[in-house]
Amino acid sequence: MSTIKPIATRQAFGEALAAIGATHPEVVVLDADLSKSTKSELFAKKFPERFIQMGIAEQNMLGVAAGLGLSGKIPFACSFACFIAGRFETIKISVAYAGSPVRIVGTHAGVGIGEDGYSQMGLEDIGLMRVLPEMVVLQPADDVETAAMVRWLVEESKAPAYLRLTRQNVRRVHAEGWTWTPGKMDVLREGTDVAIIASGGPVMNALDAAEELAKSGLSVAVANLSSIKPLDAAGIEALSRKVKLIVTVEDHNVLTGAGSAVAEVVASLKGAHARVHRHGVMDTFGESGTPESLYDKHRLDAKGIAAVVREQLAD
Amino acid sequence: MSATSRTETVAMLTKLTREMRATILEMITQAASGHPGGSLSAIDFIAALFTTRLKHDPKNPSWVDRDRFILSKGHAVPALYVTLAHQGYFDAKLLPTLRQLGSPLQGHPVNRFMTACEAPTGSLGQGLSVAQGIALAGKLDGKSYKTFCLMGDGEIQEGQVWEAAMSAAKFKLDNLVAIVDWNGGQIDGSITEVMPSLEPVVAKFEAFGWDVKEIDGHDFNAILDAIAWADGAGDKPKCIVSRTVKGKGVSFVEHPTKYHGAALSKDELAKALAELKEAK
Chain A
1 MSTIKPIATR
11 QAFGEALAAI
21 GATHPEVVVL
31 DADLSKSTKS
41 ELFAKKFPER
51 FIQMGIAEQN
61 MLGVAAGLGL
71 SGKIPFACSF
81 ACFIAGRFET
91 IKISVAYAGS
101 PVRIVGTHAG
111 VGIGEDGYSQ
121 MGLEDIGLMR
131 VLPEMVVLQP
141 ADDVETAAMV
151 RWLVEESKAP
161 AYLRLTRQNV
171 RRVHAEGWTW
181 TPGKMDVLRE
191 GTDVAIIASG
201 GPVMNALDAA
211 EELAKSGLSV
221 AVANLSSIKP
231 LDAAGIEALS
241 RKVKLIVTVE
251 DHNVLTGAGS
261 AVAEVVASLK
271 GAHARVHRHG
281 VMDTFGESGT
291 PESLYDKHRL
301 DAKGIAAVVR
311 EQLAD
Chain B
316 MSATSRTETV
326 AMLTKLTREM
336 RATILEMITQ
346 AASGHPGGSL
356 SAIDFIAALF
366 TTRLKHDPKN
376 PSWVDRDRFI
386 LSKGHAVPAL
396 YVTLAHQGYF
406 DAKLLPTLRQ
416 LGSPLQGHPV
426 NRFMTACEAP
436 TGSLGQGLSV
446 AQGIALAGKL
456 DGKSYKTFCL
466 MGDGEIQEGQ
476 VWEAAMSAAK
486 FKLDNLVAIV
496 DWNGGQIDGS
506 ITEVMPSLEP
516 VVAKFEAFGW
526 DVKEIDGHDF
536 NAILDAIAWA
546 DGAGDKPKCI
556 VSRTVKGKGV
566 SFVEHPTKYH
576 GAALSKDELA
586 KALAELKEAK
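In order, the protein sequence lines correspond to chains A and B.
Heads up: the first sequence is residues 1 to 315, going by the numbering used here.
Heads up: the second sequence is residues 316 to 595, going by the numbering used here.
This is chain A alone, in the form it adopts within the complex (with noise of 0.2 Å):
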């Protein structure tokens, strides 16, 4: 295991944006009075000038940073996840369908919040995105796979795109030399009996249930599906041949997030595959509690996931 100390993507998102604004000047910054939380200070400390602070607007801040994007520059639009998902219309239209590069940036994914409460919490935000044609729709699952993701958004991607990133903090679960290729699942642990396929804040949870499980003889494969849109279809096609069942992990909906993107893709499959059973926030709403304690009652902890994978293959 790492022994580098867990941080939370939001926190690595913040200084990866504050270290590639230097040699990127078109690389400005909205913020909706939250700037300390989703960490766009970092940003802000740096380059004030780029930073444009929108007040409590949020439809706003993303309408103007499409007009930014529409007019050479790369725009990150940064709020809580919830905030940005309730803008869905102008987000719709004035980024999506306007084509604009807009870096929607959504902290707070999930229950994995805590004490704040399901207003605060992102839980349909990836079915959102991920409806609207051309959006990129990105989750990382620790500190390097998010500053690699703001690198790609910067350098390489054009299209409009969400970044979803945890309040809580993540051990890393990338190994050193590892490198993030842009629309691909990685596989973090193989194994031939069950596969997880776990996305955001839980991924590290799934490796430590696999673990778990390995000990009762089970070999348990965990992928990382940081790239919800664009889709690996081939490698979760592999996936589905290599094993016979899938168990999807992610703090959000189950209905449309990443889980559903695996479904539908293993659905339309020919021949033999692996049932899919999709895990996550079993369409009810959150609550406040410790995120500790919403994970045990959600089971997106390593013994809530490895209990789950247990139930899937006694039915």
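Where hints are given, some of them may not hold.
[Said to hold, decoys possible] List time: in silico BS3-like cross-link candidates among lysine-lysine, alpha-carbon distance up to 25 Å:
1) A:K46 to B:K573
2) B:K485 to A:K46
3) A:K158 to B:K586
4) B:K586 to A:K46
5) A:K36 to B:K485
6) B:K573 to A:K158
7) A:K45 to B:K485
8) B:K586 to B:K573
[As the list claims (entries may be wrong)] To be clear about the criterion: a stretch of chain B counts as covered by chain A if any three or more of its residues have a C-beta under 8 Å from a C-beta of chain A, and this derived list gives those stretches:
9) 372-379
10) 446-454
11) 539-547
Calculated directly from the structure, the hints in this document are not laboratory data.
Just so you know, even glycine gets a beta-carbon here, dropped at the ideal spot from N, CA and C.
Let chain A serve as the given structure and place chain B on it in line with the hints.
Chain B alone, transformed into the frame defined by chain A:
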């Protein structure tokens, strides 16, 4: 405009917009759907802006230093298309393809179908934010282009407009000009019926930190004066409240709701065209 007198310009615009009104009504009847009322209320301002003021290049619609025009009340797009065709952005032969499958003339403006539309609009209330982003980019890059955004009176009932109004003043966007085409009507009734408290609109924009000018939006002298005023000094964004008549130019189309979203029948079109012909 230097070589042309104001009188000549007004005469040119009067003749041009009469022809444009006829074309707009023909396009909408051909498509058998569309929005005549709001197109006819806005055409005078749009035509005047494009022919006398905008710095742009129809042969190079993505020229980085161009002035931008965003028609935020996207349903009035026939008025924009007829103006763009007149300016040479595309062949006027395309105008009758409005709203047909495969046509770049979408039912509401879409930049991916036609670059000169600048942004997709028609989901009301979004254009001013996008225009503001473009204006902000101009400021950041030290460019001198201006961004114009034309909205409807019904449209500014959307909350996003007032978020944008607030922040444009904060950023001192003197390169941003909003035009409110106040034609007094919306789908379900007159503005007075649907949202009487939208007035006083001038005081609202002023309170949000804008310089505001109110004009008769069918008086070309007033329109040209307002466009010149918007180019004047001051560090505030500018708003022109253009008081217009929905369906302006054809007696029986002039109505706050009747022809908001209904094409003229072929018989009605013939009557309208005859009336526009006589009007010279």
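Status of each hint after checking the structure:
Between K46 (chain A) and K573 (chain B) the alpha-carbon distance is near 56 Å, which puts this suggested pair outside the 25 Å criterion. At roughly 21 Å between alpha-carbon atoms, K485 (chain B) and K46 (chain A) fall within 25 Å of each other, so this suggested pair holds. Only pairs whose Cα atoms come within 25 Å are accepted, and K158 (chain A) paired with K586 (chain B) is rejected, the gap being roughly 50 Å. Only pairs whose Cα atoms come within 25 Å are accepted, and K586 (chain B) paired with K46 (chain A) is rejected, the gap being roughly 65 Å.
The hinted pair formed by K36 (chain A) and K485 (chain B) meets the criterion: a straight-line CA distance of about 21 Å does not exceed 25 Å. For the proposed pair K573 (chain B) and K158 (chain A), the alpha carbon gap of about 44 Å is over 25 Å, so the pair is violated. For a cut-off of 25 Å, the pair hint linking K45 (chain A) to K485 (chain B) stands: about 20 Å separates their Cα positions. Simply put, K586 (chain B) and K573 (chain B) have alpha-carbon atoms about 16 Å apart, close enough for the 25 Å limit, and the pair holds.
Against chain A, the region 372-379 of chain B contributes 1 residues with a C-beta closer than 8 Å to a partner C-beta. That does not satisfy the three-residue criterion, and the hint is violated. Residues of the region 446-454 of chain B with a Cβ under 8 Å from some Cβ of chain A number 8, which satisfies the need for three, so the listed coverage holds. For the region 539-547 of chain B, the stated coverage by chain A is violated: 0 residues have a C-beta nearer than 8 Å to a C-beta of that chain, whereas at least 3 were required.
Comparing the model with each earlier hint shows violations of hints 1, 3, 4, 6, 9 and 11; every other hint is respected.
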